[in-house]
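**Q** Listed here are the chains, written in short residue letters.
There are 2 protein chains.
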Amino acid sequence: MAEQTSKPETAKTIRETDDFALAESDRLIRGSRHAALAVLEPGTGHPTVSRTLVATDSGGRPIILVSALSSHTKALGADQRAGLLFGEPGKGDPLAHPRITLKCRAEHITFDSSERPALRRRFLARHPKSALYIDFPDFSFFRLVPVSASLNGGFGKAYELMEEDLDIASPAASELAEMEEGAIAHMNADHSDAIDLYAARFAGEKESGWRICGIDPAGFEILRGDQLRRIRFPEPLKKAAGLRKVLADLAKSARAND
Amino acid sequence: MAEQTSKPETAKTIRETDDFALAESDRLIRGSRHAALAVLEPGTGHPTVSRTLVATDSGGRPIILVSALSSHTKALGADQRAGLLFGEPGKGDPLAHPRITLKCRAEHITFDSSERPALRRRFLARHPKSALYIDFPDFSFFRLVPVSASLNGGFGKAYELMEEDLDIASPAASELAEMEEGAIAHMNADHSDAIDLYAARFAGEKESGWRICGIDPAGFEILRGDQLRRIRFPEPLKKAAGLRKVLADLAKSARAND
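So the protein lines, in turn, are chains E and H. Going by my numbering, the first sequence wraps up at 258, each residue one higher than the last. Going by my numbering, the second sequence wraps up at 258, each residue one higher than the last.
Any given hint could turn out to be false.
DMTMM-like cross-link-like pairs, simulated, lysine to aspartate or glutamate; straight-line CA separation at most 20 Å [claimed, not checked]:
hint : chain 1 : residue 1 : chain 2 : residue 2
1    : H       : Lys91     : E       : Asp226
2    : E       : Lys245    : E       : Glu164
3    : H       : Lys91     : E       : Glu207
4    : E       : Lys238    : E       : Asp19
5    : E       : Lys74     : H       : Glu160
6    : H       : Lys91     : E       : Glu205
7    : H       : Lys91     : H       : Glu205
8    : E       : Lys91     : H       : Glu207
9    : E       : Lys91     : H       : Glu205
10   : E       : Lys91     : H       : Glu88
11   : E       : Lys91     : H       : Asp226
12   : E       : Lys74     : E       : Asp138
13   : E       : Lys238    : E       : Asp249
Hints in this document: simulated from the structure, not taken from any laboratory. Because the structure is a prediction, the values reported are computed rather than measured.
Let's have the full structure, built from the sequences with the hints guiding it.
**A** Shown next, in the form of structure tokens:
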């Protein structure tokens, strides 16, 4: 009975950050297609919240695509502080479902920034339909760098996370970013069977037709139509060259459990 | 093709407020079990966003139940400005689903307030599981009075709503609030067939077992387990005594279309 019941947010104690908390944060932040974004209205400072599509950069930090005309853009231009809420309620008690609240610092990536092509590629891979407007010249990205977070991972599972818990600090990051596009193309072209195995074994998804849409040092995302799932590596890659092995090992492990 | 594609928030013109906008706002605000709540962190003013259960008062304004220990409570105690986002994405493109962003002014309803019993009854009717903690003495309500709203009712359907569009201004309000509990008990006990007809005809829900959980001058909510649906009256009641007739007329209309 108690397990099915909303436990108030606050009748909880904060747990020490453990691997469950890190894995849930990774899944919620990097496996969500959208989030609720809170910003401050310019001039008044009134908090407002709206729905936004999200992707991540090659370091796993949230990115959003905005129009220069949008209220988000004006708000984040005036005050870079933002809040993000990830995690969908689904069926049953809305408070029984894991979610994470992030405090973020927004960094504007302008249309002519050297960083834009990589963000564009990752955003487009996750949100193919954004092709219709992603190249409009008044569109640009914000990176929402997580500063701290409150994770509610289910009843009695409350955590406070710090910047270092949310950051994928890996020496492999930039080299992996360079090879990501080729690795994804190769996996999707030649190893679609392995990707469906990952989906089945690590995300509980039985349908076939999954594709990889993003890889970072801590894991990767798979996409099938409008469904996105995050799969975390057993540990973050220390070298980009280790990608092939970890993907092969995951496939082997998935086959063994098939 | 274009219909299935995310249209950026801002490549839109604002439509003149029409009955579609008023009906969608009513459905989203009064037919949602939860919302994303944005508040300002005390001290810093940083925007944060979290998930909260919502109900409405007898005037159809959102209410939330909070613990004195919660960050919401501290935040709203320090600054009464809040943002609310209603409307769930569901399947497909997250930006294709209607949602409404409200700017609100929070009013604290303390544990010993004369307003509390009515809010408690309505909150509990919608969220029966909250019985486990609703009477804890550190729990109280906030009414989040809508001040303005942005409705995105689907592609090309953007509206800006004012306080008067969001308020159910009815001379029947207080009298209806007095008789609400008895009317709901009567309907649920003696007219469960009619309620299932409302569900089928006006909410497209074919299962039986729906119950009314709240009535206000503009409409009512029906509940079945964790599902909540809003049904709007053809026009707001001007007299509380008109409730019986409008419910009978809706049942008649539903039967005619059965």
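**Q** State for each hint whether it applies.
**A** Tested hints:
no.	hint	verdict
1	H:Lys91 - E:Asp226	holds, 7 Å
2	E:Lys245 - E:Glu164	violated, 26 Å
3	H:Lys91 - E:Glu207	holds, 16 Å
4	E:Lys238 - E:Asp19	holds, 18 Å
5	E:Lys74 - H:Glu160	holds, 17 Å
6	H:Lys91 - E:Glu205	holds, 16 Å
7	H:Lys91 - H:Glu205	holds, 18 Å
8	E:Lys91 - H:Glu207	holds, 16 Å
9	E:Lys91 - H:Glu205	holds, 16 Å
10	E:Lys91 - H:Glu88	holds, 12 Å
11	E:Lys91 - H:Asp226	holds, 7 Å
12	E:Lys74 - E:Asp138	holds, 13 Å
13	E:Lys238 - E:Asp249	holds, 16 Å
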